[in-house]
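Number of protein chains: 2
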Amino acid sequence: MGRRSARWDEGAFVVEGRILIEEAIAADWDVEAQFVAPNGEPVAGSGATIVDLAPHVIERVASTESPQPLIAIVRIPHRSVSDLAGARLVVVADRIADPGNLGTMLRSCEAAGVSGVVLITGSVDPYNPKVVRASAGALFHVPVVADIALNELQALRLPLVGTSSHQGVAYTDADLSEPFALVMGSEAHGVSDEIPIDSWLTISHVGRAESLNVAMATTVVVFEALRQRAAR
Amino acid sequence: MGRRSARWDEGAFVVEGRILIEEAIAADWDVEAQFVAPNGEPVAGSGATIVDLAPHVIERVASTESPQPLIAIVRIPHRSVSDLAGARLVVVADRIADPGNLGTMLRSCEAAGVSGVVLITGSVDPYNPKVVRASAGALFHVPVVADIALNELQALRLPLVGTSSHQGVAYTDADLSEPFALVMGSEAHGVSDEIPIDSWLTISHVGRAESLNVAMATTVVVFEALRQRAAR
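Same order as they appear, the protein sequences are chains D and H. Going by my numbering, the residue at position 191 of the first sequence is 193; the numbering climbs one at a time, nothing skipped. Going by my numbering, the residue at position 182 of the second sequence is 184; the numbering climbs one at a time, nothing skipped.
Everything labelled a hint here was simulated from the structure, so no lab data went into it. Small disclaimer: the values here were computed from a predicted structure and weren't measured. Warning: the hint list may mix true and false statements.
Claimed, not checked - To spell it out: a stretch of chain H is covered by chain D in this simulated footprint if at least three of its residues, at any positions, have a beta carbon under 8 Å from a beta carbon of chain D; those stretches are: (1) 33-44; (2) 103-116; (3) 131-141; (4) 179-187.
As the list claims (entries may be wrong) - Straight-line C-alpha distance at most 20 Å; calculated EDC-like pairs for lysine to aspartate or glutamate: (5) K132/H <-> E61/H; (6) K132/D <-> D149/D; (7) K132/H <-> E18/H; (8) K132/D <-> D100/H; (9) K132/D <-> E212/H; (10) K132/D <-> E24/D; (11) K132/H <-> E67/D; (12) K132/H <-> E24/H; (13) K132/H <-> E180/H; (14) K132/H <-> E212/D; (15) K132/H <-> E189/H; (16) K132/D <-> E67/H; (17) K132/D <-> D54/D; (18) K132/D <-> E12/D; (19) K132/H <-> D100/D; (20) K132/H <-> E67/H.
Said to hold, decoys possible - Non-contacting residues of chain D with respect to chain H, defined by C-beta distances greater than 12 Å in every case (computed): (21) F15; (22) E18; (23) P57; (24) E212; (25) V223.
Every residue, glycine too, gets a C-beta built ideally from N, C-alpha and C.
Only chain D is shown next, with the shape it has when bound in the complex:
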């Protein structure tokens, strides 16, 4: 097999399995190459380089024990915080560590029509295969800006609204219909002290403190924002 034009560098990531690759293509992401195991078929319509793999090669590069017979190299789009400046609703993920949590957050952000998601440096890589899988393809449909320093948040030109278990206005009593950026803190540490939060929301709930995780809390707040905005 000769030299191919596909680049697998830090500007690209691996997408595993037909369903996710189809989502990437449907959302117009740049699929550079598809690597096809002997029992696989490439997804049509990507214009990507197709590389046939020898038997048992895909097991060595895929992230799961029983990989699907197809992986793709997909280019990471160039985005900056200012692309989201003045958007109606942005979610800022402040060092969210768990891939499953970030994936679920991307799903609820897509479902609630969030304009984009900003990941503060220290968050899990959104192009990690576990995040892509947990997002069920939402990663391809919600603009994500990763590896952002705290002092870049001002470029959003949005009020920064933090969530807290112990301070602020109940999220159900707050006016969530105006543009804002919702800052969700890490599982372990909450919202960083260094983020210049303009106001705080608290998610009033019953049960133990641990009963809601950051992904569920995000889901609850972005859907309340969607509800308030639809009602206006």
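With chain D's structure known, arrange chain H on it following the hints.
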């Protein structure tokens, strides 16, 4: 080691790790025995039989690759549908198959103050270690009634409100403040045709149909019910 009084039969299940065992004890579940690996310590206060394990035994019985050095046998409480009769809000899980989804549903039900969760026959076992783990201990705090036939639902004496992606009143427009049972259908098949649904809710959202899974949908609706009830 002589014969012990702990019974590990179909009326009991295994709880792995100190944090979950502490939750079981705090919630007054009947811990029959704690099995302690050489580097472990039993949780105090359970009154359970303590069994010291030889090295490497716990790896053979635990469900994870690197188990914590402590597991417990906990008795499943006897509950029936009629225990939830006339409750304010019950969630009926109709053949939910994924342990992570059911665990998350239990968490949001706890957080939203749901009175109990009814699992239709064909749902994943709520005492499966993956469900217990994904519930983050919520299983011990929300009454769960498992393996229920469809014709037992009438014993709830509650209107059965189904959720659907394509029919019914928007959940944000419905009155969720009166007592009802929320029926959440399986990931693959939705709500069973045989359940005599009294009315339908639809979860209006943006994005693709797949963007919300059953656990997130449950979270959204039970928190809207909590919001409406708190506002009254």
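To see whether the hints hold, each was checked on the structure:
1. 33-44: This one is violated; 0 residues, fewer than the three required, reach chain D with a Cβ under 8 Å.
2. 103-116: With 7 residues close enough to chain D, the hint holds.
3. 131-141: holds (count 3)
4. 179-187: violated (count 0)
5. K132/H <-> E61/H: holds, 16 Å
6. K132/D <-> D149/D: holds, 18 Å
7. K132/H <-> E18/H: holds, 10 Å
8. K132/D <-> D100/H: With Cα atoms ~17 Å apart, K132/D and D100/H stay inside 20 Å; holds.
9. K132/D <-> E212/H: With Cα atoms ~17 Å apart, K132/D and E212/H stay inside 20 Å; holds.
10. K132/D <-> E24/D: Status holds; Cα separation ~17 Å.
11. K132/H <-> E67/D: Holds, at roughly 19 Å.
12. K132/H <-> E24/H: At roughly 17 Å apart (the allowed maximum being 20 Å), E24/H and K132/H satisfy the hint.
13. K132/H <-> E180/H: Violated, at about 33 Å.
14. K132/H <-> E212/D: Roughly 17 Å between the alpha carbons, so the hint for K132/H and E212/D holds.
15. K132/H <-> E189/H: Judged against 20 Å, a Cα distance of about 17 Å means the pair holds.
16. K132/D <-> E67/H: holds, 19 Å
17. K132/D <-> D54/D: Violated: K132/D and D54/D sit about 24 Å apart, past 20 Å.
18. K132/D <-> E12/D: Judged against 20 Å, a Cα distance of about 17 Å means the pair holds.
19. K132/H <-> D100/D: This hinted pair holds, its Cα atoms lying about 17 Å apart.
20. K132/H <-> E67/H: With Cα atoms ~13 Å apart, K132/H and E67/H stay inside 20 Å; holds.
21. F15: holds, 21 Å
22. E18: holds, 17 Å
23. P57: With a cut-off of 12 Å, P57/D remains clear of chain H, as the shortest Cβ separation is near 28 Å.
24. E212: Violated, because the least Cβ-Cβ distance between E212/D and chain H comes to about 6 Å, which does not exceed 12 Å.
25. V223: Incorrect as stated: the minimum Cβ-Cβ distance to chain H is 9 Å, not above 12 Å.
Hint violations for this structure: numbers 1, 4, 13, 17, 24 and 25, all remaining hints satisfied.
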